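Chemist: Could you put together the complete structure from these sequences and hints?
For the record, the sequence lines run as chains A and B. Following our numbering, the numbering of the first sequence begins with 768 at its first residue and continues without gaps. Following our numbering, the numbering of the second sequence begins with 12 at its first residue and continues without gaps.
Please keep in mind that the hints were generated in silico from the structure rather than gathered at the bench. Owing to the predicted nature of the structure, the values given are computational and were not obtained by experimental measurement. Ideal Cβ placement from N, Cα and C applies to all residues, glycine included. Among these hints, one or two may not hold up.
A few chain B residues facing chain A, derived, Cβ under 8 Å [said to hold, decoys possible]:
| id | residue |
| --- | --- |
| 1 | Tyr199 |
| 2 | Asn242 |
| 3 | Thr243 |
| 4 | Asp245 |
| 5 | Ala311 |
| 6 | Gly330 |
| 7 | Arg332 |
| 8 | Arg351 |
| 9 | Ser352 |
| 10 | Arg361 |
| 11 | Lys384 |
Pairs of lysine-lysine residues, derived as DSS-like cross-links and limited to a Cα-Cα distance of at most 25 Å, are as follows [stated by the list, open to error]:
| id | chain 1 | residue 1 | chain 2 | residue 2 |
| --- | --- | --- | --- | --- |
| 12 | B | Lys269 | B | Lys293 |
| 13 | A | Lys857 | B | Lys341 |
| 14 | B | Lys38 | B | Lys485 |
| 15 | B | Lys98 | A | Lys793 |
| 16 | B | Lys293 | B | Lys255 |
| 17 | A | Lys829 | B | Lys248 |
| 18 | B | Lys469 | B | Lys293 |
| 19 | B | Lys451 | B | Lys485 |
| 20 | B | Lys469 | B | Lys248 |
| 21 | B | Lys424 | A | Lys793 |
| 22 | B | Lys485 | B | Lys49 |
| 23 | A | Lys772 | B | Lys424 |
| 24 | B | Lys469 | B | Lys261 |
| 25 | B | Lys49 | B | Lys98 |
| 26 | B | Lys485 | B | Lys469 |
| 27 | A | Lys772 | B | Lys384 |
| 28 | B | Lys255 | B | Lys469 |
| 29 | B | Lys341 | B | Lys98 |
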Amino acid sequence: MSAPKLNVADVAGLARLSLTPDETTKFTTQLSQILAHMETLGQIPTGDVPEVVPPAQPVLRKDVPCPSLSVEAALSNAPAQSNDLILVPKIVE
Amino acid sequence: MSLAHETLASLRRRLSAKEIHSRDIVKDLLTEIGTREKTVHAFTHIDEKAALAAAEKADSSLPLGGIPIALKDNLNALGDPCTCSSKILEGYRAPYDATAVARLRHAGAIFLGRTNMDEFAMGSSTENSALGVTRNPWDPTRIPGGSSGGSAAAVAGRLAIAALGSDTGGSIRQPAALCGCVGLKPTYGRISRYGLVAFASSLDQIGPLTRTVEDSAILLSALAGHDPRDNTTDLRKPETFLAKPTGSVKGLRVGLPKEYFLPGMNAETEAAIRSASQWFEKNGATLVEVSLPHTPSAIAVYYILATAEASANLARFDGVRYGRRALDPKDLMDLYQRTRSEGFGPEVKRRIILGTFVLSQGYTDAYYRKAQKVRGLLRQDFESAFTKCDLLLTPTSPEPAFPLGERTQDPLKMYLADVFTISTNLAGNGAISLPCGFTKSNLPIGLQLIGPRFGEEKMLQAAHAYEQAHDFWKRMPPV
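Modeler: Here it is, written out as structure tokens:
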């Protein structure tokens, strides 16, 4: 496994981040160093090792309704709202 | 003596005997905060009036009745800010209690202050806070560790009796070690994370930072137990930890993992840890050399998995439902991108990009899946070590607190500071850090004891026996 070329601006776009040119340059250098460190994993034999499951077995509860946040509480931090709804920019032309 | 200097256990006895009132503790803490918080900056928010009002109403017949506790600023407590030390959560007020907070409230605790942290718990020095750096009470030119640096500095600096933190790769234990207090990361599944702002959900645990091991056990007893709102919490019955301290380590098999004692490690740290292991041997424990052969891979595994999980968890900060929203967005994409780019600091952006990359098409097998497999090997290392010993004894941090600013431009060097704490999160085990000495320049050194999964009782017994035979925990920082 050799260190891949990381296109920081493209990946930032996937993560819905827009970077300044300075940030792009700086992150490119720093992340290349970090990825080079991660390349060391390639040397560890993991042929038939199973992919790990989270370290706890999930405990499921019965699917019954129970009290949750009131509409008022749920909307208390919304940046913009009207008539118990969150306002966002128009998404359909 | 100011009540701010007493342990939680001692205050609890005095409150219950009605020798003192909760308001006396809060007032003494506020006096200390008034004198030293300007230098330390452990808190992001303090509501004096609310704390005093809660103290007036405190019920001292409850297990934690009237005990003030500080909360890391990533735990939701109804009506209080929860900024995660990020600009993106400016102005947010929690509409509900985290389960850990609700359990402390139910036990009678009151809350005094929200503590500073690395933004979204991403860091090892608390320098990644958008709300200013926290300084180490032992030397204000140095970092307090991180990410729960505010909690550790508050407890060590006598600005809080006890605090909660969260630990994803060492974020409770490393600052506890660097500030000279006790930090416990419980076994994965021991404490509910409902209401903790998620960073890396397969690794995150909440835990206490305290002056003593006994205080740690008291808080763990109050916090532990199944919660239907966090389906990773274990179903075992609640227990009272350290109910009967034995004060003995006789017959204990203490494992020293050879990968944790490396040539070139900080000499004073190594000397203090060696001397602690000799104390265990002198007092009837057997020392066993063990191996955790995949330790050198732990940092790479951690920074792949933690950033992958973080990139998904932090997708919720989009400017739509809560938190900051960019002004006058021209469309939805603009709203997302500008909100996130203006709201997140550099370390959070760096980790989101790294996490997105390791999950992106064409790279998941080489990074994410590979790291998951090596995580499995790391877990096997621990399981095999615990067939030969009862506890592992290691340094918490490879070195004492480093100077502010030293590593902010070199993230890889900062990541390498987590080498001794990260593996336990990856394996899911519990671990505790407690003071075991000081450097010549008077900086605290932390000893880490790691237990098998759900082995907290044995770990706390051993830690308590060691602590009580020494006086490190009684020393006061100069600031």
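Chemist: Going back to the hint list, which numbers does this structure go against?
Modeler: Every hint satisfied by this model.
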